[in-house]
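These are the residues of each chain, in order.
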Amino acid sequence: MTAGLETRELTKAFGGVVAVDHATVSFRHGKVNALIGPNGSGKTTFFNCVTGMIRPDSGTASYRGKDITRTAPHRVAAAGIGRSFQLCRIFPRMTVMENLLAAVRPQGIGALLRRSGGAADVERARGWLHRVGIDHLEAAEARDLSYGQQKLLELAGVLMAEPETIMLDEPAGGVNPALIDRIAALVRELNAEGRTFIVVEHNMELVMSLSDHVVVFDRGRPIAEGPPADVQSDPAVLEAYLGV
Amino acid sequence: MRSASRWVALAVGVALVLAFPLVSPNAYILSAAVVILHYAVLSTSWNVVGGFTGYISLGHAAYFGLGAYGTALLITRAGVPSFLALGLAGLVVAVLAVPIGIAALRVRGASFVIVSIALVLILLLVFQSWREVTGGSDGLVVPRPFPELLRPQHHLVFFYLFAALLALVLLAWWTIDRSRFGMGLKAIREDEDKAQALGVPTFAYKLAAFVLSATFTALGGGMYALWFGDLDPVFQFSILIGSYMVLMALLGGVRHLFGPVLGALVVGVALEFFKQQYGDTQFHLVATGLLLGVVVLFMPDGVIPAVRGLLARRGPQQSSIREVSAAELQKERVP
Numbered sequence: 680m681t682a683g684l685e686t687r688e689l690t691k692a693f694g695g696v697v698a699v700d701h702a703t704v705s706f707r708h709g710k711v712n713a714l715i716g717p718n719g720s721g722k723t724t725f726f727n728c729v730t731g732m733i734r735p736d737s738g739t740a741s742y743r744g745k746d747i748t749r750t751a752p753h754r755v756a757a758a759g760i761g762r763s764f765q766l767c768r769i770f771p772r773m774t775v776m777e778n779l780l781a782a783v784r785p786q787g788i789g790a791l792l793r794r795s796g797g798a799a800d801v802e803r804a805r806g807w808l809h810r811v812g813i814d815h816l817e818a819a820e821a822r823d824l825s826y827g828q829q830k831l832l833e834l835a836g837v838l839m840a841e842p843e844t845i846m847l848d849e850p851a852g853g854v855n856p857a858l859i860d861r862i863a864a865l866v867r868e869l870n871a872e873g874r875t876f877i878v879v880e881h882n883m884e885l886v887m888s889l890s891d892h893v894v895v896f897d898r899g900r901p902i903a904e905g906p907p908a909d910v911q912s913d914p915a916v917l918e919a920y921l922g923v
Numbered sequence: 257m258r259s260a261s262r263w264v265a266l267a268v269g270v271a272l273v274l275a276f277p278l279v280s281p282n283a284y285i286l287s288a289a290v291v292i293l294h295y296a297v298l299s300t301s302w303n304v305v306g307g308f309t310g311y312i313s314l315g316h317a318a319y320f321g322l323g324a325y326g327t328a329l330l331i332t333r334a335g336v337p338s339f340l341a342l343g344l345a346g347l348v349v350a351v352l353a354v355p356i357g358i359a360a361l362r363v364r365g366a367s368f369v370i371v372s373i374a375l376v377l378i379l380l381l382v383f384q385s386w387r388e389v390t391g392g393s394d395g396l397v398v399p400r401p402f403p404e405l406l407r408p409q410h411h412l413v414f415f416y417l418f419a420a421l422l423a424l425v426l427l428a429w430w431t432i433d434r435s436r437f438g439m440g441l442k443a444i445r446e447d448e449d450k451a452q453a454l455g456v457p458t459f460a461y462k463l464a465a466f467v468l469s470a471t472f473t474a475l476g477g478g479m480y481a482l483w484f485g486d487l488d489p490v491f492q493f494s495i496l497i498g499s500y501m502v503l504m505a506l507l508g509g510v511r512h513l514f515g516p517v518l519g520a521l522v523v524g525v526a527l528e529f530f531k532q533q534y535g536d537t538q539f540h541l542v543a544t545g546l547l548l549g550v551v552v553l554f555m556p557d558g559v560i561p562a563v564r565g566l567l568a569r570r571g572p573q574q575s576s577i578r579e580v581s582a583a584e585l586q587k588e589r590v591p
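So the protein sequences, as listed, match chains D and V.
Count along the first sequence starting at 1, add 679, and that's the number in the numbering used here.
Count along the second sequence starting at 1, add 256, and that's the number in the numbering used here.
One or more hints might be untrue.
Unchecked claim - For the chain V half of the interface with chain D, some residues (derived, Cβ under 10 Å), not all of them:
| id | residue |
| --- | --- |
| 1 | G392 |
| 2 | G395 |
| 3 | P408 |
| 4 | Q409 |
What the hints assert, rightly or not - Not close to chain D: a few residues of chain V, all C-beta gaps over 12 Å, as computed:
| id | residue |
| --- | --- |
| 5 | V279 |
| 6 | T431 |
| 7 | I432 |
| 8 | L441 |
| 9 | I444 |
| 10 | Q452 |
| 11 | L454 |
| 12 | G455 |
| 13 | V456 |
| 14 | T458 |
| 15 | A464 |
| 16 | E528 |
| 17 | G549 |
Hints were generated in silico from the structure; no laboratory data involved.
By construction, the Cβ of each residue, glycine as well, lies at the ideal position given by its N, Cα and C atoms.
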């Protein structure tokens with residue numbers, strides 16, 4: 680099995696609250712992984728630790744065999760990991776097209792000073808906007824889009840950076856069922872093209888239908904993992920979710 | 257068509273600036289125009305970091321003062337020719353801005369504003385106390401670069417020198433605005449964490465913009481020293497100068513190339529008017545404060561976007577982006 684995103688004993692505490700508690704997790708590279716757990720179980724903090732948004736207190740994170748612990752977020756992105764946020768985050772005062780062009784990573788001073796919005800970048804951006812279905816809005820200011828459209832824009836922005844692994848934090852949160860279906864279809868398509876997904880999600884129907892591998896968190900640590908059907912009937916998971 | 261009209265407008269603007277000294281009725285008006293141009297240089301320089309990244313520095317007077325004193329001391333202490341001293345002072349400030357930026361840009365929002373103010377206050381105290389070098393409150397006389405010129409000619413030469421410096425700063429801002437680097441800076445202004453997650457090396461970008469902004473501000477300060485010829489820490493390291501830079505940029509519009517220039521024109525003329533009318537009272541400060549209040553309340557994006565919005569409302573109506581055609585609805589269907 681190819682090594683993808685892995686953590687060893689990853690720990691992060693906020694004061695007396697241990698949000699991520701010695702979490703050792705290995706995600707399946709090339710698959711759709713789901714990270715589930717009750718509210719407050721440390722899923723988003725885990726995401727933030729892995730992507731460099733916050734510094735873990737101890738433990739390690741590695742991606743494709745390379746240590747990424749305490750690595751700056753832009754370097755994690757450069758290593759091939761893209762992410763979305765729990766509360767949809769876009770650049771509100773930029774146009775839809777600019778939201779995507781901001782994800783272009785120029786190499787060298789010359790490329791940095793080259794005009795943004797070159798034909799190749801714009802074509803690529805249009806391609807992603809078309810894939811997510813909002814290409815007709817490319818000239819609109821992002822803040823004028825509906826919440827669902829903003830979710831799609833956020834996903835298109837992540838894709839524009841061409842990540843190999845995509846971490847989605849509640850992609851179905853607050854969106855209508857039709858849009859959930861569209862997002863699920865996109866994830867399947869992109870996964871078929873070779874991209875790995877790690878999805879934090881509360882919509883169990885979506886998790887069960889979409890994922891190949893499920894990791895369940897409770898109180899900051901994984902309590903179960905495996906194929907969706909196995910995890911669903913795991914007594915530890917039932918106890919964490921239902922208290923039975 | 258739109259691009260052609262822009263070039264025509266730019267050519268007319270440049271011609272008006274270049275012709276101004278010819279129609280200026282007296283040396284006082286010309287000197288007031290030099291002051292306004294110097295404000296335009298400072299405010300546009302400030303906008304390189306403030307406008308692109310949204311990091312509001314109220315202490316940019318620190319670089320203005322360092323550029324002015326750096327130029328003056330290189331001339332008086334080291335005997336460096338005036339304009340070489342100006343360039344060297346700009347370089348020195350660029351080097352100093354690196355560690356300052358590394359320290360200051362670690363904090364965001366209100367904390368960054370406070371750090372920026374603290375720096376200018378520290379420098380004010382240092383330059384006031386270090387009398388044997390800076391002259392302290394007695395001031396520091398800067399030799400005039402063109403001693404043979406009479407006052408009106410002196411103003412005339414510096415009018416064009418400030419105009420050239422302004423053109424340089426505007427060119428830099430325009431280049432950044434169009435570039436991928438500029439797009440990264442604007443992403444920082446919108447949402448720094450999100451920009452980082454997309455792969456923008458935010459700290460390096462912020463630092464580069466900060467150093468560039470400080471350097472241009474220092475060049476503005478050095479040119480001011482050569483023009484005015486007399487420096488005092490109270491005026492060179494003044495919170496007021498830094499506040500003017502911010503006010504002018506906000507007034508015109510921080511997201512626009514000519515926003516700070518327009519702001520400098522409005523605030524510069526208003527300041528001169530109030531000083532003329534009310535002499536040494538502090539009324540010009542009250543008026544400036546009121547102006548800031550009006551801008552923040554009624555034109556938060558500045559005059560240029562407000563006027564554009566007004567014109568757009570009078571023009572043909574654009575349909576809402578949420579109105580979609582049948583074909584678009586088809587496109588939006590679930591795949």
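Taking the hints in turn, this is what the structure says about them:
The interface hint given for V/G392 is broken, as the beta carbon of that residue sits about 42 Å from the closest beta carbon of chain D, more than 10 Å. Restraint check, V/G395 versus chain D: the minimum CB separation of about 41 Å is more than 10 Å; hint violated. Here the hint on V/P408 is broken, as its CB sits about 41 Å from the closest CB of chain D, past 10 Å. For V/Q409, the shortest C-beta to C-beta distance to chain D is roughly 39 Å, which exceeds 10 Å, and the interface hint is violated.
Distance to chain D confirms V/V279 as a non-interface residue, since its nearest Cβ pair spans about 38 Å, more than 12 Å. With a cut of 12 Å on Cβ distances, V/T431 falls inside the contact zone with chain D, its closest approach being about 7 Å. The Cβ of V/I432 does not lie farther than 12 Å from every Cβ of chain D; its closest approach is about 8 Å, which violates its non-interface assignment. A beta-carbon of chain D is positioned within 12 Å of the beta-carbon of V/L441; the least distance is around 10 Å.
Interface exclusion of V/I444 from chain D breaks down, the closest Cβ pair being 9 Å apart, not more than 12 Å. Consistency note on V/Q452: stated as away from chain D, yet its beta-carbon is not over 12 Å from all of that chain's, at 4 Å minimum. A Cβ of chain D approaches the Cβ of V/L454 within 12 Å, the least distance being about 4 Å, so the stated non-interface status is violated. Not every CB of chain D lies more than 12 Å from the CB of V/G455, the least distance being 4 Å, so the non-interface label is violated.
The claim that V/V456 lies off the interface is violated: its Cβ sits roughly 6 Å from the closest Cβ of chain D, which falls inside the 12 Å cut-off. Residue placement check: V/T458 does not keep its beta carbon more than 12 Å from all beta carbons of chain D (closest about 7 Å). Consistency note on V/A464: stated as away from chain D, yet its beta-carbon is not over 12 Å from all of that chain's, at 9 Å minimum. Listed as a non-interface residue, V/E528 keeps its Cβ farther than 12 Å from every Cβ of chain D; the least gap is roughly 34 Å.
With a cut of 12 Å on Cβ distances, V/G549 stays outside the contact zone with chain D, its closest approach being about 23 Å.
Checked against the numbered hints given earlier, this structure breaks hints 1, 2, 3, 4, 6, 7, 8, 9, 10, 11, 12, 13, 14 and 15; the rest are met.
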